[in-house]
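Novice: Heads up: the sequence lines are chains A and B, in that order.
Just so we're aligned, residue 1 is where the first sequence starts under UniProt numbering, counting upward by one.
Just so we're aligned, residue 1 is where the second sequence starts under UniProt numbering, counting upward by one.
Since the hints were derived computationally from the structure, they do not count as laboratory data.
A few of these clues could be false.
Remember, identical chains collapse to one label, so a pair may be satisfied in a single copy or spanning two.
[Said to hold, decoys possible] Computed list of lysine-lysine pairs in DSSO-like fashion (alpha-carbon distance at most 30 Å, straight line): (1) 203 - 284; (2) 360 - 198; (3) 360 - 284; (4) 203 - 360; (5) 123 - 202; (6) 203 - 72; (7) 72 - 318.
Predicted model only: the values in this text are computed from it and were never measured.
2 protein chains.
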Amino acid sequence: MIDFTRRDMIAAAGGIAALALPGATACARADSRTLGYAVVGLGGYGLGRIVPEFANCAHSRLTGLVSGDRAKAERVAAEHGVPTRNIYDYANFDSIADNPNIDIVYVCLPNSMHAEYTIRAAKAGKHVMCEKPMAISSAECEAMIAACKAADRKLMIGYRCHFEATNLEAMRRARAGEIGTPRYFRSEHGFVQGDPTKWRLKKALAGGGSLMDIGIYALNAARYMTGEEPIAVYAHEQTDRSDPRFHEVEDMIEFQLEFPSGVIGSCMSMYSANQSHILLMGDKGRIELEPATGYSGHRLWVGRGRETEITPPPGPGKTQWAGQLDHLVQCIVEDREPIVSGTEGLRDLRIIEAIYRSAKERARVGLA
Amino acid sequence: MIDFTRRDMIAAAGGIAALALPGATACARADSRTLGYAVVGLGGYGLGRIVPEFANCAHSRLTGLVSGDRAKAERVAAEHGVPTRNIYDYANFDSIADNPNIDIVYVCLPNSMHAEYTIRAAKAGKHVMCEKPMAISSAECEAMIAACKAADRKLMIGYRCHFEATNLEAMRRARAGEIGTPRYFRSEHGFVQGDPTKWRLKKALAGGGSLMDIGIYALNAARYMTGEEPIAVYAHEQTDRSDPRFHEVEDMIEFQLEFPSGVIGSCMSMYSANQSHILLMGDKGRIELEPATGYSGHRLWVGRGRETEITPPPGPGKTQWAGQLDHLVQCIVEDREPIVSGTEGLRDLRIIEAIYRSAKERARVGLA
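Just chain A, same shape as in the assembly (with noise of 0.2 Å):
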C-alpha cells in the first residue's frame, strides 16, 4: 500500500529543500520513513500547537496547509518550509488529491466541520487526523468512519494523552494491579471559558459546550484508565443562561459512569471552573494525576495518597503531539490500526449523546 521508494525519495527531497529554508529543524530530523501532513484550519490549535510540533517528530513532515486566510498561511508556509503550491483554500481543498507531498490531512477546524472535511479528504486519498471531538453526533462518526474505510485511509482522532508519559505510565499502573482492583474513577476537567464570541460557545459550530471541549478529557481518561466501556449513564447540566458566554451550550455538566465490573466513574466538565484531574481508586491504593490532561507540568502519584510521586518514563515522542504525529505514520506504514482510531472517537461521542440525552430527561441512560 505504501510506496516506499517514492516515500523515501519525497522525504529526501524534502529535506534537502527544507534545508535551506527556516524551519528545517523539523525535516533534518526526519528517517526515511516520514509522511507529509497537510494541517486544515490554522486557528489556535491547529497553527499554535501543532505547525510547531513538526520540530519535534521523528516520521512526520508539515508539507501542506488549508486555510481561508490566503496572506496567514503564506507567512506560515514561509516560516516552516512549506511550498506555497501546497497551500489550499476550502474552496480548492479537494484538489489536495493530487498532491504526492501530502499523505495525510490533520484535521483542526471547528467541531461541526471535522465529518465534512474528514470525509473530502478520505475521498481525496489521503489518510485523515482528526481533532477531538471526533463530531458533533455518532451519525457524523460513523460517516467518517465509512468514508475512510471505503478509500482504505487510516482514520485518527487527535487523543493526544494517549501519547503522554504522565498518563501512560498511570495506564501501565493501573493495569499492573499496583491499587489492586479498581474501584472509583473520578476526573475533573473544566477551565474558565472566557470571550463569548468564540466558536466554541456556539452550538452550531462546537456541537455542545464545555463537555465537547474539556469535559471530553475525563470521559477519555475514564475510559482508558479503567480499560472499560460504560454501560449507563446519569448527568446533571447546571449552566447560567444568562451569562453572554453560555447562550448556546452548557457550563457544567457532571456525569456518573458505570462500568461493568463495578467500577463508578464520576465525572465532571465545566467551562467556570479550572481543574484538571484524574483519580483511579483501587482497594489498595490509587493512583492520581494533576495536572492530568494539560499541555504540560503533568504530575502523577501511585500509593495511599500524594505521598509518592512518579517520574514516568519518557513516552514515544520528543512530546505528546510528536508521539502522537508519529503513531499514526507508523500505523500507515505497518498498516496497522492506530491506538485511538475514528472508533475510540466514535464510543466518546455516543456515551456524549447519552450523556446529553440523561441530563435532559434527568434519568439514567443505559448504553448498548
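Based on the hints, put chain B in the right spot on chain A.
Specialist: Using the frame of chain A, we list chain B on its own:
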C-alpha cells in the same frame, strides 16, 4: 433553667474528688461552668475516642458511664475518676434521672439504638449528645427531636468536624468569597472495612453501610461547605454482595446533589478504599482538604491548586472533640441551640433516605 449555684458546687466537688484520682486533669481544668457527661456505650468510639477527651475539655466532665459490661465500666471509671455509683447498665439506665451529677448523656451506641437511648435520656431529664448518624431513619430523628423538645432538653449530634480548625477555616473562607462563586463541590469518604462481624456491617444495627458511617461526612460537608440544602439527589450503588463484609449493607454509593444556587455536589462513600477528601471549586479558585475529616493530620489548601497550604487558627477547643463536648455545655448554660442540633442530623437522614431510594429506583429523587 440552670441552677448555677448547684452546678458550681457539683463542679467544685467533682474537681476536689477527682484530684485524688487518676484522670484528674479534666476536672482540674474545669471552670465553674462545667457539666457532667455520662457516656453510653464503651465501644471503640465511646471508650477509645470520647472518654479520653474530657481531659481536653474546659466545661465538660466525665461523671457517668453506661455499659452492659460492668467489669469494663469499673475499670474505665477507676481510670477516669468516675464514682462507681455513677455506673449504669441498660436495664437501670432510666434511673439516671435521679443522678444530679449527670447533666448530659452522650449516646455512642450502634446506630439503631440512638433513638431509643436519646428518648430515654430526655425522659430522664438529661440533655443529649448523640453520635452520627443521628438514627437509622428520619422518623426516628423526628421522634428524638420531639422527645427532647417535650423534656425541654438540648439535643446535639456528634458532628465533630464543625469544631475542627481546618474545616472551620475552610467554611470561613468559602463564605468570605475567597474562591468566588462556588460552582462545584466534591467529597469522597471511605476506608477499607475489615471484620465482617462488626455491627457496622449488620443492617439491623447500622441501618445501612458506608453511607451511614463514613459517607455521611461527605454529605454533611456538602452542606456546610456550600451553606445550602440540596434540592435533588441521584445515587448509584455498587456492592459485591458475595463479599462476606457486604452481605447486608452497601459498599460503594455515589451521589450527586443539586443545590438551589446551581452548585453541583458529587460525593462518594465507600467501604473498599481509603479516602478523606473535600473540594469546593469556585469561579476564582478552590478550597481543598485532605485528609479532610480524619482524627488528625488535616491539611487545607486555598487558591488555584495546592500551591498555598493554610495553617488555620486554633479551633474552639483543644481538640475537635473537646470543642464539640464543650459546645453543648455552653449551649445548655446559655440556653441556645447547638450549631449541630437534632435538626442538622434530621436533614442528613432525610437526604440519606433519598439517596438510598434513588439508588434503588435508579432515578433522580427530589427533596422537598
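Novice: Work down the list of hints and note, for each, if the structure agrees.
Specialist: Results for each hint:
1. In the homo-oligomer, the alpha carbons of residue 203 and residue 284 lie at most 30 Å apart only across protomers (26 Å), although the nearest pairing inside one protomer, at 43 Å, exceeds that limit.
2. Taking the closest pair of Cα atoms, residue 360 and residue 198 come within 30 Å of each other only inside a single copy of the chain (24 Å); across copies the shortest separation is 43 Å, beyond that limit.
3. Taking identical chains as interchangeable, the C-alpha atoms of residue 360 and residue 284 lie at most 30 Å apart only when they sit on different chains, with a minimum of 28 Å there against 37 Å within one chain.
4. For the identical chains of this complex, residue 203 and residue 360 are intra-copy neighbours only, at 16 Å inside a copy versus 36 Å across copies, given an alpha-carbon limit of 30 Å.
5. Taking the shortest Cα distances, residue 123 and residue 202 sit within 30 Å of each other inside one copy (28 Å), while across copies they are farther apart (64 Å).
6. In this assembly of identical chains, the alpha carbons of residue 203 and residue 72 lie at most 30 Å apart only when taken from the same copy (27 Å versus 69 Å across copies).
7. Within a single copy, residue 72 and residue 318 get their C-alpha atoms as close as 27 Å, which meets the 30 Å cut-off; across copies the closest is 67 Å, which misses it.
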